[in-house]
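Full structure from sequences and hints, please.
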Amino acid sequence: GAGVSQSPSNKVTEKGKDVELRCDPISGHTALYWYRQSLGQGLEFLIYFQGNSAPDKSGLPSDRFSAERTGGSVSTLTIQRTQQEDSAVYLCASRKSGLAGVGEQFFGPGTRLTVL
Amino acid sequence: DAKTTQPPSMDCAEGRAANLPCNHSTISGNEYVYWYRQIHSQGPQYIIHGLKNNETNEMASLIITEDRKSSTLILPHATLRDTAVYYCIVGSPGSGNTGKLIFGQGTTLQVKP
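Chains as they are written, first to last, in the working numbering: chain A, 2 to 117; chain S, -13 to 99.
Simulated from the structure, these hints should not be mistaken for laboratory data.
Careful: at least some of the hints might be erroneous.
As the list claims (entries may be wrong) - Derived lysine-lysine pairs resembling BS3-like cross-links, with alpha carbons at most 25 Å apart:
#	chain 1	residue 1	chain 2	residue 2
1	S	-11	A	58
2	S	38	S	-11
3	S	38	A	97
4	A	58	A	97
5	A	58	A	18
6	S	38	S	98
What you are looking at is a predicted structure, and each value in this text was computed from that prediction instead of being measured.
Written out as structure tokens, the structure reads:
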């Protein structure tokens, strides 16, 4: 079956512009995560959605970052007024519900964001 | 902060077993040990997880010490396609836990012909 998909695969933007990154999780997966991977920081958690519960936003680095998940499926990560330090690969993952917190996360291929 | 310590890099000859160690001396009783790997330019891929007992699947085996303070991921017959960064992660389930993964720096495994 289809895995997690993300779009665009690459995004180049100018400093100060807003960007939207999209994630399509695996159908039926209720848990959705955003991570980012940058050269200096490794892989870091950003935000988590589970069903209709309030998201865990504890990993978002600043208020320029926001995310939403509509209809319990597709999610968009928005970065406002991008800065050069936002350049990274943004990864989305989904997980089937079940034992809370346990279980395989399926990752998408990522969106490579470059802020000039 | 990651709760695990891994060697930054390891080499392995193709066809031989790759044994990747991980220290997690502060692991608590309900925390699982997860292993993921990331092949260059791809998203991370789940390998295996365990709590107390050793586990085996089609990809690898996970050996957890009796005190649970360390574990070893074993790739029984490494191939060139197993060259990747391997991440050992500890995390706890339970009501309210998100399952978010806290990645460390991982071990870069280079499989050589």
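message: Let me make sure I understand: some of the numbered hints might not hold for this structure. Which ones are they, in numerical order?
response: 6
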